[in-house]
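Q: Using the sequences provided together with the hints, build the complete structure.
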Amino acid sequence: TELPFSAKVIFGLCECFNIDVKRPRIYTGPEEALFGFSVLQHDNAGDKSMLVGAPWDGPSNTRRGDVYKCIACAPLWSQECGTSVFSTGICVSVSNDLEPRETISPTAQRCATYMDIVIVLDGSNSIYPWYEVQNFLSNILSKFHISPEQMQVGVLQYGEVAVHEWSLRDYQTTQEVVEAAKNISRQEGRETRTAYAIHMGCTEAFSPERGAREGATKVMIVVTDGESHDWEELPDALEECEKRNITRYAIAVLGHYIRRQQDPETFISEIKYIASDPDDKYFFNVTDEAALNDIVDALGDRIFTLEGTLGYNESSFKFEMSQIGFSTHVLDDGILFGMVGAYDWDGGVLKEGAKGRIMPTREAFESEFPQELKNHAAYLGYTVSSVIVGDWRRLYVAGAPRFKHKGKVILFELSDNGDVNIAQALNGEQIGSYYGSEVCGLDVDQDGITDVLLVAAPMYLGPGNKEAGRVYIYSLSGEVFVSNGTLKAEDRFQDARFGYALASAPDLNHDGYTDLLVGAPLEDGHNGAIYVYHGQGIHIIHNYKQRIAGSSLSPSLQYFGRSVSARLDLDGDGLLDLAVGAQGSAVLLSSRSIVQINMSLSFQPHSINVIQKTCQRGGRESACLNATACFLALSQLSVVAMLDERKLTARALFDDSNQRQTQLGVRVHTGQTVCHNLPIHVFDTADYIRPISFSLRFKINDTESGPVLDEGWPTTFKRSVSVWGVYCGEDDVCVTDLVLQLYECLNVTPLCRQQPYVIRSPRRRLAVEVQLQNRLENAYNTSLTLHYSRNLHISSHSIREDTQLKIECTSLSSNSHSCNVSYPVFRSHSKVCLVGPMFHELKYKIPEMFHTHKNRIFLKCCLHPC
13 TELPFSAKVI
23 FGLCECFNID
33 VKRPRIYTGP
43 EEALFGFSVL
53 QHDNAGDKSM
63 LVGAPWDGPS
73 NTRRGDVYKC
83 IACAPLWSQE
93 CGTSVFSTGI
103 CVSVSNDLEP
113 RETISPTAQR
123 CATYMDIVIV
133 LDGSNSIYPW
143 YEVQNFLSNI
153 LSKFHISPEQ
163 MQVGVLQYGE
173 VAVHEWSLRD
183 YQTTQEVVEA
193 AKNISRQEGR
203 ETRTAYAIHM
213 GCTEAFSPER
223 GAREGATKVM
233 IVVTDGESHD
243 WEELPDALEE
253 CEKRNITRYA
263 IAVLGHYIRR
273 QQDPETFISE
283 IKYIASDPDD
293 KYFFNVTDEA
303 ALNDIVDALG
313 DRIFTLEGTL
323 GYNESSFKFE
333 MSQIGFSTHV
343 LDDGILFGMV
353 GAYDWDGGVL
363 KEGAKGRIMP
373 TREAFESEFP
383 QELKNHAAYL
393 GYTVSSVIVG
403 DWRRLYVAGA
413 PRFKHKGKVI
423 LFELSDNGDV
433 NIAQALNGEQ
443 IGSYYGSEVC
453 GLDVDQDGIT
463 DVLLVAAPMY
473 LGPGNKEAGR
483 VYIYSLSGEV
493 FVSNGTLKAE
503 DRFQDARFGY
513 ALASAPDLNH
523 DGYTDLLVGA
533 PLEDGHNGAI
543 YVYHGQGIHI
553 IHNYKQRIAG
563 SSLSPSLQYF
573 GRSVSARLDL
583 DGDGLLDLAV
593 GAQGSAVLLS
603 SRSIVQINMS
613 LSFQPHSINV
623 IQKTCQRGGR
633 ESACLNATAC
643 FLALSQLSVV
653 AMLDERKLTA
663 RALFDDSNQR
673 QTQLGVRVHT
683 GQTVCHNLPI
693 HVFDTADYIR
703 PISFSLRFKI
713 NDTESGPVLD
723 EGWPTTFKRS
733 VSVWGVYCGE
743 DDVCVTDLVL
753 QLYECLNVTP
763 LCRQQPYVIR
773 SPRRRLAVEV
783 QLQNRLENAY
793 NTSLTLHYSR
803 NLHISSHSIR
813 EDTQLKIECT
823 SLSSNSHSCN
833 VSYPVFRSHS
843 KVCLVGPMFH
853 ELKYKIPEMF
863 HTHKNRIFLK
873 CCLHPC
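If you read the sequence shown in our numbering, its first letter stands for residue 13, the second for the next number, and so on.
It is worth saying that the hints were derived from the structure and are not from the lab.
Quick reminder that beta carbons are idealized off the backbone N, C-alpha and C, glycines included.
Any given hint could turn out to be false.
Claimed, not checked - Straight-line C-alpha distance at most 25 Å; calculated BS3-like pairs for lysine-lysine: (1) Lys293 - Lys155; (2) Lys230 - Lys155; (3) Lys478 - Lys416; (4) Lys60 - Lys34; (5) Lys711 - Lys34.
As the list claims (entries may be wrong) - Simulated restraints on C-beta separations: (6) Gln548 - Ser568: 32 to 38 Å; (7) Gly524 - Asp55: 19 to 25 Å; (8) Arg405 - Cys687: 52 to 58 Å; (9) Ala310 - Asp344: 53 to 59 Å; (10) Arg271 - Gln383: 57 to 63 Å; (11) Thr115 - Gln548: 40 to 46 Å; (12) Gly490 - Ser159: 53 to 59 Å.
A: Below is the structure:
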């Protein structure tokens, strides 16, 4: 449907402002790698690019993730510790040219299974059968997590002498040490020199030369089946172990005593003496060599309790699941990290900067996250940011979208020693809405103070229980943020997750105010969309200026709007560009320049002479004018060279006094004035007091590319031309004395003078003449009103040839007419004759019924001079 001219202009401004949706640049990557999960615009000394995150990239067994051509984070980076997998997260600082510089992993910690274990194994003749010892050794070693980051195991076998079967650093995997254990032969010997072997293990086997690691927990496992022959040396050997903080497990194998039916009490006492205290934790005894395999699980479990963080009725998770890098915020003096999984997923924050590492305790946030709400998994740190309020006071911002299932955002100060002062808390209103999963502070007027804080609740349920999403607006008042409504989006009652991504844009529409981008990746059946909102003053305008649907860019786009970034001009045209992430795609959208078109209309001569009509057109006399329409396109951008090359084409419509439209084609360079001349013929005018109005309207031809018109900029220009010849004396006030006379045309004699005139005539047709005369100053906009009885009908009209008037009459009712006299009624010498409402001669027809029954006819004429 062809829209009216004005409707087209309004439609164009509201639906498609200055983000170019006709020429998107779409980059695709492996969808299974989540290519497009995040996007970021990057500037390397003028070499600008778009970075695209693909966190699930890599071989199927590792999927470490990649950044496709700054800090890059992997919050799910995990490490195996014993039987557990801990996701502490990791970040990498990269140079401007994307070369890795350093790893940032402030919550990473060595596994509690970071252990050096030495097994001191009795290989004397009394040990029998040997294969049972080999089985035990293989089974217990298979329980250990052998790797450079976790456990190392060395084996020392002894009898009369002690031999290092292998050292701590010799094998790096569990499979390697299990295979080595199968090949150990018994040393044999008639003596059991346990003290000697223990001393050798403490001083040699745990030495750096044999691979002992600094910081590793030192564990010794002693397995023997008899009393030592060098028992007097045990105290010195054990003292050496104590000096080196070596924890000792001791296993007494009673098979030799049972087979000989001997009392093992002295032997057991010696083995308990070897073991660390308490005995019930570090001492074991088995009936024979075959029974060694019965304690494998128990021994393994006790060794793993050295992971050390598990206390009675206490959680073991502090920073092991912190997922550092899940959210980050770059500051002038460092980086603020969210620790969404810390403290049993209560969450927390951490600052890494020039003054070192600042890590608030769990109790630091207790006023807003009470400890009695155990295991409520608030996810504090799901998003982090900062704002500047008041007298340049910085407040950190952290979201906790699962707090009491409704979500919370806190604004707080953080001291160098980790103390927290919570300045304000904002709470969600709907369960499950994920309020606080995204926050964005806007310095709208760009004066350094944050004006608006936006908090997203992307899973907010709308009508029909759809995840429509909602973004809350908080405006700065003093030093606190107060609620100021919500952003308006498409009201389609659909799953949208509006607010899933938020990003500030320095200035999209060149008005000097910061703007906002909002992602809604589930809109339109998961095609997704983004919304553009403009800033104004110190506020964000609640209604969106432009909605960009993913399906309008490419039918294949899915989850368009899952991430957004708008910081740089990537194509070098001086205009800000948008980077938008989708599933398996990243989209780059360019901005279009915004222009203001100034119009002017000038006329030559400057006024219309109503007395002397110097031109003719179509055989009619007219007053001539020359109109000049000029157009000047300006832009608020300062990139002059680029603008000089950009041409603007528009279509203009010129309405003249006779309601004729003249169409103009306008093509200008930005910054240059283009003018068009238009001849005008003015024939008559019904109003000589008021100036004659002319209008000029325009519309930009190319609405899909090139510049767009500044929002709210007028598209219509009006100009009036005064009428020359209007004169009413020095006081400029016309004082008239109009005289009206009516004649019956057949005998040209005045009708009777009483009011109203009563006409008595036997004729069925009647013609009357109205004569108007002015005795004082000129009269303008003169009008006559004629009233007549209902037994008169208008029959025909005619104008006398000597009359130079334009008389326009309209019917007021069935028995009255109003007539405007267009030409001035000049003083004294002018005489105007009017017959009838519209023409000089007015003929009425008397109906037959009135002729036979009633011959009185009434005619009244009222004069209304200006």
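Q: Each of the hints needs a verdict: does it hold here or not?
A: Right, here's what the structure says about each hint:
Restraint check for Lys293 and Lys155: the C-alpha separation of about 18 Å stays at or below 25 Å, so the hint holds. The hinted pair formed by Lys230 and Lys155 meets the criterion: a straight-line CA distance of about 17 Å does not exceed 25 Å. For the proposed pair Lys478 and Lys416, the alpha carbon gap of about 21 Å is at most 25 Å, so the pair holds. Our distance criterion of 25 Å between C-alpha atoms is met by Lys60 and Lys34, whose separation comes to about 22 Å.
With a CA separation close to 20 Å, the supplied pair Lys711 and Lys34 stays within the 25 Å bound. For Gln548 paired with Ser568, a C-beta distance near 36 Å keeps the hint of 32 to 38 Å intact. Checked against the hint of 19 to 25 Å, the pair Gly524 and Asp55 passes, with Cβ atoms roughly 22 Å apart. For the hinted restraint 52 to 58 Å between Arg405 and Cys687, the CB-CB distance of approximately 56 Å keeps it satisfied.
Between Ala310 and Asp344 the beta carbons are some 55 Å apart, a value that agrees with the proposed interval 53 to 59 Å. Range check, Arg271 to Gln383: about 58 Å between beta-carbon atoms, so the 57 to 63 Å window is met. Separated by about 44 Å at the C-beta atoms, Thr115 and Gln548 satisfy the suggested range of 40 to 46 Å. Gly490 and Ser159 have their C-beta atoms about 56 Å apart, which keeps the hinted 53 to 59 Å range intact.
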